[in-house]
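Line by line, the protein sequences give chains A and Z. The letter at position 71 of the first sequence is residue 481 when you use our numbering, and the numbering goes up by one with no holes. The letter at position 213 of the second sequence is residue 216 when you use our numbering, and the numbering goes up by one with no holes.
Hints are computed from structural coordinates only; laboratory data are not their basis. Possibly wrong hints are sitting among the right ones.
Said to hold, decoys possible - Calculated lysine to aspartate or glutamate pairs in the DMTMM-like style (CA-CA distance at most 20 angstroms, straight line):
1) LYS504/A with GLU541/A
2) LYS208/Z with GLU529/A
3) LYS504/A with GLU545/A
4) LYS208/Z with GLU507/A
5) LYS659/A with ASP600/A
6) LYS504/A with ASP432/A
7) LYS438/A with GLU423/A
8) LYS504/A with GLU529/A
9) LYS484/A with GLU545/A
10) LYS480/A with GLU416/A
11) LYS659/A with ASP598/A
12) LYS438/A with ASP600/A
13) LYS438/A with GLU634/A
14) LYS208/Z with GLU545/A
15) LYS208/Z with ASP598/A
16) LYS438/A with GLU610/A
17) LYS599/A with GLU634/A
18) LYS480/A with GLU496/A
19) LYS208/Z with GLU528/A
20) LYS480/A with ASP226/Z
21) LYS208/Z with ASP418/A
22) LYS438/A with ASP418/A
23) LYS484/A with GLU45/Z
24) LYS504/A with ASP525/A
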Amino acid sequence: MTPLAECDRVFLEAGTTRLVQDLRWALKPGECWGILGPNGSGKTTLLLALAGLHPVTQGDIRLDGTAVRKLSRKAIARHVGLLFQETHYPFPVKVRELVMAGRYAWQNAGGAGSDRDEEISARAIAAMQLERLAERPVDTLSGGERRRVALATLLSQQAGIQLLDEPENHLDPGVRLKLLEGFIDRLDKDRQSTVMVLHEPALAVRLCSHLLLLFDDGSYLAGETTQVATAENMTRLYGTPFHAIQNGKRLLFYPG
Amino acid sequence: MPGRLLIALLSICLLLVSLLSILLGSVQLPSADILSALLFHEDGLASEILWDYRLPRTLFAIVIGAMLAMAGAMMQTLLRNPLADPYILGTSGGAAAGVLAAFHLSFPLWFHLLAAVAGAVLSTILLLLFSGFIRSRDTNRLLLTGIVLTTGWGALITFLLTLSPSSSLPGMLFWLVGDLNEQASLSVPALVLLLSLPPVLIAAKPLDMLLLGRQQAASLGVDVAQMHLLLLGFSILLTATAVAFAGPIGFVGLVAPHIIRLISGSGHRLLIPATALLGGILLVSADLLSRTLVAPRMMPAGVFMTLLGVPLFLYLIRRQS
Numbered sequence: 411m412t413p414l415a416e417c418d419r420v421f422l423e424a425g426t427t428r429l430v431q432d433l434r435w436a437l438k439p440g441e442c443w444g445i446l447g448p449n450g451s452g453k454t455t456l457l458l459a460l461a462g463l464h465p466v467t468q469g470d471i472r473l474d475g476t477a478v479r480k481l482s483r484k485a486i487a488r489h490v491g492l493l494f495q496e497t498h499y500p501f502p503v504k505v506r507e508l509v510m511a512g513r514y515a516w517q518n519a520g521g522a523g524s525d526r527d528e529e530i531s532a533r534a535i536a537a538m539q540l541e542r543l544a545e546r547p548v549d550t551l552s553g554g555e556r557r558r559v560a561l562a563t564l565l566s567q568q569a570g571i572q573l574l575d576e577p578e579n580h581l582d583p584g585v586r587l588k589l590l591e592g593f594i595d596r597l598d599k600d601r602q603s604t605v606m607v608l609h610e611p612a613l614a615v616r617l618c619s620h621l622l623l624l625f626d627d628g629s630y631l632a633g634e635t636t637q638v639a640t641a642e643n644m645t646r647l648y649g650t651p652f653h654a655i656q657n658g659k660r661l662l663f664y665p666g
Numbered sequence: 004m005p006g007r008l009l010i011a012l013l014s015i016c017l018l019l020v021s022l023l024s025i026l027l028g029s030v031q032l033p034s035a036d037i038l039s040a041l042l043f044h045e046d047g048l049a050s051e052i053l054w055d056y057r058l059p060r061t062l063f064a065i066v067i068g069a070m071l072a073m074a075g076a077m078m079q080t081l082l083r084n085p086l087a088d089p090y091i092l093g094t095s096g097g098a099a100a101g102v103l104a105a106f107h108l109s110f111p112l113w114f115h116l117l118a119a120v121a122g123a124v125l126s127t128i129l130l131l132l133f134s135g136f137i138r139s140r141d142t143n144r145l146l147l148t149g150i151v152l153t154t155g156w157g158a159l160i161t162f163l164l165t166l167s168p169s170s171s172l173p174g175m176l177f178w179l180v181g182d183l184n185e186q187a188s189l190s191v192p193a194l195v196l197l198l199s200l201p202p203v204l205i206a207a208k209p210l211d212m213l214l215l216g217r218q219q220a221a222s223l224g225v226d227v228a229q230m231h232l233l234l235l236g237f238s239i240l241l242t243a244t245a246v247a248f249a250g251p252i253g254f255v256g257l258v259a260p261h262i263i264r265l266i267s268g269s270g271h272r273l274l275i276p277a278t279a280l281l282g283g284i285l286l287v288s289a290d291l292l293s294r295t296l297v298a299p300r301m302m303p304a305g306v307f308m309t310l311l312g313v314p315l316f317l318y319l320i321r322r323q324s
């Protein structure tokens, strides 16, 4: 089976800084990957490259077997949806309109929304419990509410791959796990998968089936969470001693 | 407000100010004479004034106003900033300098339009290059660069004027503040306006999404580079054509889209046609005032637009910061 996304000997740079080197990695349907790494290790750049928004220096990124650079923006958007770290809208846009914009990649040139598009975006709004806020301008919402709008937009986009850049930002500790689990549960396991950049190893262990560790020197380590999530690897990753505690089924990491 | 209602109201307003514009002028004529000349096309003074002067002038004002308003709305989408305007950012100044240079080198009249486009393109390239706006998105730097470019073009224009024969000076000076007296040709501006509308309207949806930000729009499937080229190309073409034929009239592109956005939001399917209609209304009104307020003297219509635009611009700057 062709993987949803595949990095074939990929090298990435930002400006003159070398980031990821010689990355060989594949993403299959139903998987949930967490990307961990210190600041500046290229986590966000890798997400942007997967969405065709950052060029690869060497190698190829393929979506469903086709190189990203050969796909149109619309085709990419049917393969990949992206949740950005921060969003800001100087021109007012309503929640309902933004979630509906997720359907653009599936519409013809005129872009008139069909009944099916309306139905899908209404379901996404309901899934993120935004019905009450549907007519509000997005910029008037709180940080946490804006995150839910962004997640609803991703749900209505129905892309194969959901790329989430620090999705836990602006979310209360009590809400983040439930919200993100709820989001992942709504995906179609036979067709869709998730890749998220996280800052919190414990959250990654809890949510993700697989981990991709990006080290400072451009090397990486990829594999199932149970194999990769060790105190030794976290220590090497963040350059500071980490310890692990096992509490029942939960695995926790703490520095120091 | 529902889109159809807004378009209907604006159309009625445009018809009303146009009617006033053909009824009033420095020569006082009974309205009945004008209306009968309009309907029956008889010979006589009323008919001559209507068909040779007031009607072409009114139609010219509508077309130029619509073009400038559309150009403003498109620049605001391109730069994601409600303060963008071809006059403030130096595009009009570049076009005007181009026209005057062509005039000086005694190029034929049809070449003036090309010179205006060249000047507008050059000014836009300088603006994007020196403001670094594409990377930094720093609005202050963008506006500052635009204002400095406008000043530079102004100096170049003054330089060209001092070299001109004194006989052509009054006409050139009037043209420079936006003059609707010399409606050399209505057909070229009207053609440019009609050609610009369909591509912009077809792209209404992706243009709406562009307002979400370049990366967000691209991640949702919008071909951002293509949309930027469309906006840049048509806003330059519209501005340059308006300047070549009517002189650099400021602030229509700032005032008209701002009012429409307040009423009905930023959706381009409605914003573009409504802004074009309101631009027509504004410029016909400004022209009407300039012809009647100090009659029998005439004032350039650009003077009134600027008097209306400057307070609004100051208000917007205050609100944005």
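Okay, the hints, checked on the actual structure:
Simply put, LYS504/A and GLU541/A have alpha-carbon atoms about 12 angstroms apart, close enough for the 20 angstroms limit, and the pair holds. Restraint check for LYS208/Z and GLU529/A: the C-alpha separation of about 19 angstroms stays at or below 20 angstroms, so the hint holds. For a cut-off of 20 angstroms, the pair hint linking LYS504/A to GLU545/A stands: about 6 angstroms separates their Cα positions. Between LYS208/Z and GLU507/A, the direct Cα distance comes to roughly 11 angstroms. Compliance with the 20 angstroms bound is thereby established for this hinted pair.
The straight-line distance between the Cα atoms of LYS659/A and ASP600/A is roughly 27 angstroms, outside the 20 angstroms bound, and the hint therefore fails. The straight-line distance between the Cα atoms of LYS504/A and ASP432/A is roughly 42 angstroms, outside the 20 angstroms bound, and the hint therefore fails. Pair hint LYS438/A plus GLU423/A does not hold up; C-alpha atoms about 25 angstroms apart against a cutoff of 20 angstroms. For the proposed pair LYS504/A and GLU529/A, the alpha carbon gap of about 17 angstroms is at most 20 angstroms, so the pair holds.
Between LYS484/A and GLU545/A the alpha-carbon distance is near 27 angstroms, which puts this suggested pair outside the 20 angstroms criterion. Of the supplied pair hints, the one linking LYS480/A and GLU416/A holds, its CA atoms being roughly 14 angstroms apart against a limit of 20 angstroms. For the proposed pair LYS659/A and ASP598/A, the alpha carbon gap of about 26 angstroms is over 20 angstroms, so the pair is violated. A distance of roughly 9 angstroms separates the Cα atoms of LYS438/A and ASP600/A; the hinted pair therefore holds under the 20 angstroms criterion.
With a C-alpha separation of about 13 angstroms, the suggested pairing of LYS438/A with GLU634/A holds against the 20 angstroms cut-off. Proximity of LYS208/Z to GLU545/A is assessed by CA-CA distance (about 19 angstroms); at most 20 angstroms being required, the pair is judged to hold. Our distance criterion of 20 angstroms between C-alpha atoms is broken by LYS208/Z and ASP598/A, whose separation comes to about 28 angstroms. Between LYS438/A and GLU610/A, the direct Cα distance comes to roughly 24 angstroms. Violation of the 20 angstroms bound is thereby established for this hinted pair.
Taking the CA atoms of LYS599/A and GLU634/A, the gap is about 17 angstroms. The hint holds against a cut of 20 angstroms. Between the alpha carbons of LYS480/A and GLU496/A the distance comes to roughly 28 angstroms, so the proposed pair goes past 20 angstroms and is violated. Note on LYS208/Z and GLU528/A: the hinted pairing holds, with a Cα-Cα distance of about 15 angstroms set against a maximum of 20 angstroms. Only pairs whose Cα atoms come within 20 angstroms are accepted, and LYS480/A paired with ASP226/Z is accepted, the gap being roughly 14 angstroms.
Of the supplied pair hints, the one linking LYS208/Z and ASP418/A is violated, its CA atoms being roughly 35 angstroms apart against a limit of 20 angstroms. The suggested pairing of LYS438/A with ASP418/A holds, with an alpha-carbon distance near 15 angstroms, which does not exceed 20 angstroms. This hinted pair does not check out: LYS484/A and GLU45/Z have alpha carbons roughly 59 angstroms apart, beyond 20 angstroms. Restraint check for LYS504/A and ASP525/A: satisfied, since their Cα atoms lie roughly 19 angstroms apart, inside the 20 angstroms limit.
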